[in-house]
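There are 2 protein chains.
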Amino acid sequence: MEISELGEFGLIDRLTEGLKPANDSTLKAVGDDCAVLRYPAGKDTLVTTDLLLENVHFDLTYVPLKHLGYKAAVVNFSDIYAMNGRPKQITVSLGISRRFTVEHIEELYDGIRLACEVYGVDIVGGDTSASHQGLVISITCIGEVAEGKAVGRDGARDTDLICVSGDLGAAYMGLQLLEREKVASAGQTDFEPDFAGKEYLVERQLKPEARKDIVDALEKNGIVPTSMMDVSDGLSSELMHICKASGTGCRVYEDRIPIDYQTAVMAEELNMNLVTAALNGGEDYELLFTVPLSDHDKVTKLEGVKVIGYVCKPEAGCAMITRDGGEITLRAQGWNPLAEK
Amino acid sequence: MEISELGEFGLIDRLTEGLKPANDSTLKAVGDDCAVLRYPAGKDTLVTTDLLLENVHFDLTYVPLKHLGYKAAVVNFSDIYAMNGRPKQITVSLGISRRFTVEHIEELYDGIRLACEVYGVDIVGGDTSASHQGLVISITCIGEVAEGKAVGRDGARDTDLICVSGDLGAAYMGLQLLEREKVASAGQTDFEPDFAGKEYLVERQLKPEARKDIVDALEKNGIVPTSMMDVSDGLSSELMHICKASGTGCRVYEDRIPIDYQTAVMAEELNMNLVTAALNGGEDYELLFTVPLSDHDKVTKLEGVKVIGYVCKPEAGCAMITRDGGEITLRAQGWNPLAEK
Chain A
1 MEISELGEFG LIDRLTEGLK PANDSTLKAV GDDCAVLRYP AGKDTLVTTD LLLENVHFDL
61 TYVPLKHLGY KAAVVNFSDI YAMNGRPKQI TVSLGISRRF TVEHIEELYD GIRLACEVYG
121 VDIVGGDTSA SHQGLVISIT CIGEVAEGKA VGRDGARDTD LICVSGDLGA AYMGLQLLER
181 EKVASAGQTD FEPDFAGKEY LVERQLKPEA RKDIVDALEK NGIVPTSMMD VSDGLSSELM
241 HICKASGTGC RVYEDRIPID YQTAVMAEEL NMNLVTAALN GGEDYELLFT VPLSDHDKVT
301 KLEGVKVIGY VCKPEAGCAM ITRDGGEITL RAQGWNPLAE K
Chain B
342 MEISELGEFG LIDRLTEGLK PANDSTLKAV GDDCAVLRYP AGKDTLVTTD LLLENVHFDL
402 TYVPLKHLGY KAAVVNFSDI YAMNGRPKQI TVSLGISRRF TVEHIEELYD GIRLACEVYG
462 VDIVGGDTSA SHQGLVISIT CIGEVAEGKA VGRDGARDTD LICVSGDLGA AYMGLQLLER
522 EKVASAGQTD FEPDFAGKEY LVERQLKPEA RKDIVDALEK NGIVPTSMMD VSDGLSSELM
582 HICKASGTGC RVYEDRIPID YQTAVMAEEL NMNLVTAALN GGEDYELLFT VPLSDHDKVT
642 KLEGVKVIGY VCKPEAGCAM ITRDGGEITL RAQGWNPLAE K
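Protein chains in written order, with the numbering used here: chain A, 1 to 341; chain B, 342 to 682.
Hints may contain errors.
[As the list claims (entries may be wrong)] A partial selection of chain B residues facing chain A, derived with a Cβ cut-off under 8 Å:
1. Leu-387
2. Asp-420
3. Ile-669
[Said to hold, decoys possible] Listed below are the simulated DSSO-like cross-link pairs for lysine-lysine, each with C-alpha atoms no more than 27 Å apart in a straight line:
4. Lys-149(A) x Lys-361(B)
5. Lys-20(A) x Lys-384(B)
6. Lys-384(B) x Lys-43(A)
7. Lys-43(A) x Lys-585(B)
8. Lys-244(A) x Lys-361(B)
Read the hints as simulated data drawn from the structure, not as lab findings. We put the CB at the ideal spot given by N, CA and C, even for glycine.
Kindly produce the complete structure, drawing on both the sequences and the hints.
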């Protein structure tokens, strides 16, 4: 069905049909000039936003619309968790070009709604508009954290331990794989991409998850990170953000950086440096955080969390200690679409 | 200067340099995964968002970037006021194509910053990205309202008075004028547009204001509207939104609709129906609200507010009473960029 048959308000009605708020803090959702939220006393409000543009942040040749919707929501949730908070509401703005039908946009929205269901988040507003070129997705997420308990980037202190959840570099390798298959498929109509044995990489790229479980585990074990970020631009870049904001240096150990087996195999196949991929590949959405040295025993017991290094004085700079004991200065080679064009 | 020289983080640093929060509720602004806000007990939080796309919502041939930034912020403030609230924070996401320089984006941001200064709003976050086509602006505004005092669209009741602030149709006429001068200037290098005697129309289109003063006046005079909206898609469309949400009908009087002299002259010049322009022309950002009949004396004393009709039972439908006493059924012919393409 052509979107023009429904018009803006008709499309919004259709997309948001049957939405029921899951959170007490959502007083009024879609359908007025504003959403109305009521957070209980003792809570601070967190706000984050992301803009995704077709052919800059995603390529619809190999990204299914439902996955795209899911990921677009989850990356915002990830920013809220990275402050030690819990996501509660999102607004969704879409710019839609003529080649998309109502069914296309429903598929995208299905992905957004699924992510919201999984993470207990309410869709409370948005904007829907024509776009002359391509798909535009702008999501803003609002979350809560206990008063004064938001964890920023600026609290890391000398001797703190540096920890990271999950493994790194897989989403980047998934992107390389998808790009390779896209090139291989060019001009063919019945091309079957070969992802055998690399399903994890594809999933990390197309359907990342936010680490709610880690934030829950930290709370349960009484660990309050001194600083925290999610790894969206690459470990190297994020470590430097934390050190810059905190006025510190850092050391991370090459042999401590968690890397999945499939990531290693793929790097080998593509003749790429594995550690470079893990340091600079973005979109892992793992949590990078620092804890006081006194939390060593508690943090090493957490499942899916690895201590990869320590915070040091600023004059020591930011470096990786290689397997042979050498030091390589970290550089932020993270993904920079503004420089890269 | 090319934006690629600065990169994303450099550009953000430059744009947000020297920003100082004006509101106590802004604990942490730009520079982390999220902004952190703390609203006092007894306040509800309002959230609204708008997506603006080049050549759909604005034409840079005649819209100066600074005005565009100002307007992009103000239209969001307007949605907060339309809920009887006060805007406090915004996030600003920009998609920037290659033809824009750092100076261009600074000009746009200057307009956003000016609007924030005028209305006492803090810029607390955002996202900046490359765009392959044109400029994309997505702004989310967060505001506050006393607990339970948000005014939605659904509270209008039979016999309520319908009120509107300012005058209507001028922004639409300003757009017609700008389009006319654009056509006239095509291919000429030293074209001087002729806006003499029509400055008000151009200003209403390029630099609208949100009606903070009206919300303040309502509060000062102890008037709590039963429903309220801002007029962004046209009076006719907004009246029908209120009546649909409230389950009522309405009558408005043609001779009561406030229209500026310049709007009337321009309609004459363009041979357009003046009342149609006032009913269906969008982007006025005036406040449309209903009050109980018992507030008649209070509301008629408000400067810049006019009673234009009344709310009636749903079976009577929505209509305008013409100068000769006839009735014309209202139709929402408001601006619909999704149907219009």
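Next item on the list: If any of the earlier hints don't hold here, list their numbers in rising order.
Entry: 3, 7
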